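Asker: Sequence:
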Amino acid sequence: MMISARRISLMAVAVLAASAAAYSAYWWWGAGKMDETVSGWINDWRRAGYRIDYSEKTVGGFPWTVRIRLVQPALADPAGAWSWSGGNLDLSAEPWAPTTYKLSAEGNHEAVMPIAGRLVPMQATAGKAEGTAEFDLDGRLRQADITLENVDGTAPALNADLKIDRATMTLTQPARPAREHQDEEAAIDLLVQGLRLPAALSGPLGRDVTHTSLRARLLGPFPRTDMRGALEIWRDAGGTLDVPWLSMEWGPTKLRAEGTMALDDLLRPSAAFEAKVAGLSGTLDALVAANLIKPDAARLAGVGLMLFARTPPGGGEPELAVPLSALDGQVYLGPIKMGRVPPVLPPEKAAVAPPPAPVTAESLPAPGSTD
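When we follow full-length UniProt numbering, the leftmost residue of the sequence shown carries the number 1, and every step to the right adds one.
Think of the hints as simulated: they come from the structure by calculation, not from any bench.
The reader is advised that the hints may include incorrect statements.
Have a look at the derived ranges for each label pair, beta carbon to beta carbon [as the list claims (entries may be wrong)]: (1) Arg-176 with Ala-321: 24 to 30 Å; (2) Arg-176 with Thr-147: 27 to 33 Å; (3) Ile-336 with Val-71: 26 to 32 Å.
As a list, the in silico SDA-like pairs of lysine to any residue whose alpha-carbon atoms are at most 25 Å apart [what the hints assert, rightly or not]: (4) Lys-57 with Asp-35; (5) Lys-294 with Leu-305; (6) Lys-163 with Gly-229; (7) Lys-337 with Gly-206; (8) Lys-294 with Gly-334; (9) Lys-337 with Gly-315.
It should be emphasised that the depicted structure is a prediction, and the values quoted were computed from it without experimental measurement.
No residue lacks a Cβ here, since even glycine has one placed at the ideal position from N, Cα and C.
Kindly produce the complete structure, drawing on both the sequences and the hints.
Answerer: Structure representation (structure tokens):
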């Protein structure tokens, strides 16, 4: 028995209509589940004390993605150690890959960040602010990637500006959180290109950091609480930051290093690194210009250092192996004091946002200050 072409066409239309209806139902079900998941995250962080606000939440993206938009989002640390707000924050996922989220942050950004031991209000724009986040089936974050491009930041109270051409960060977490101080809590890969520092933070090597790359492992439990409390608990439990790779080109100085970092009682970084430094002549000139060493001492040091410098196996500028350390709020390259390193967070009495008193440029250490 022959089936007419008209009947075949009707059957095809019926199948397509049923498929479209089924997919639409699946999309709406997935959108509801994603909305439920995002709301659950927000409630979890709010229960932990974080302030999370937004003026509106919308769901869209049909048919190929599920997109949740938070309009005018704001996020703040429970103890006021930092805060951030922006224009729109979009979270989207493909219906067939519901555990992988894409993030995009549009518009201008405002933040209060700890800088040189003070809380400083900042504004910033970014040509690109995107990322992805992958979760396991239990909802635990496996990996997050963030990309920023063409960042322009200002701190009006300091008359300071900061620029970044491009920055990428990848954060990965093991299947289980750390329980002991030697367990890995997270791994971080960071690359920053074209960083221009505020003048007050530039130090003897200048404002321009051509590139910085870092690979680090956060060892020890890091609890979900306010930043100060988390850092103190992590520190007191013996937590450390293992850095198997650090590379930096700052002004005339090219540095490669590996080592370990922790926090002292005042939440200042304490570090011990084995470093290899190139660009020795330019570095000594910069230290002389900053009055950190005298010209005669620099000339003698230059002659002596070049005797111990070695050309890398692959060629390039001679490198000098030298210890790089941070102790009691000071940074040392070998025996030379390079400057101050402030606490990661301001003193507790100042840990509110916005800061209780106006911050001025005079509040920050002068370039090359070694007090």
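Asker: Does each hint hold? Answer for all of them.
Answerer: Do the hints match the structure? See the list:
1. Arg-176 with Ala-321: 24 to 30 Å: violated, 38 Å
2. Arg-176 with Thr-147: 27 to 33 Å: At 28 Å between Cβs, range holds.
3. Ile-336 with Val-71: 26 to 32 Å: For Ile-336 and Val-71 the Cβ distance comes to about 51 Å; the hint is violated.
4. Lys-57 with Asp-35: With Cα atoms ~9 Å apart, Lys-57 and Asp-35 stay inside 25 Å; holds.
5. Lys-294 with Leu-305: holds, 16 Å
6. Lys-163 with Gly-229: Given that 25 Å is the threshold and the Cα spacing comes to 30 Å, the pair is violated.
7. Lys-337 with Gly-206: holds, 16 Å
8. Lys-294 with Gly-334: Roughly 16 Å between the alpha carbons, so the hint for Lys-294 and Gly-334 holds.
9. Lys-337 with Gly-315: violated, 29 Å
Hints 1, 3, 6 and 9 from the earlier list are contradicted by this structure; the remaining hints agree with it.
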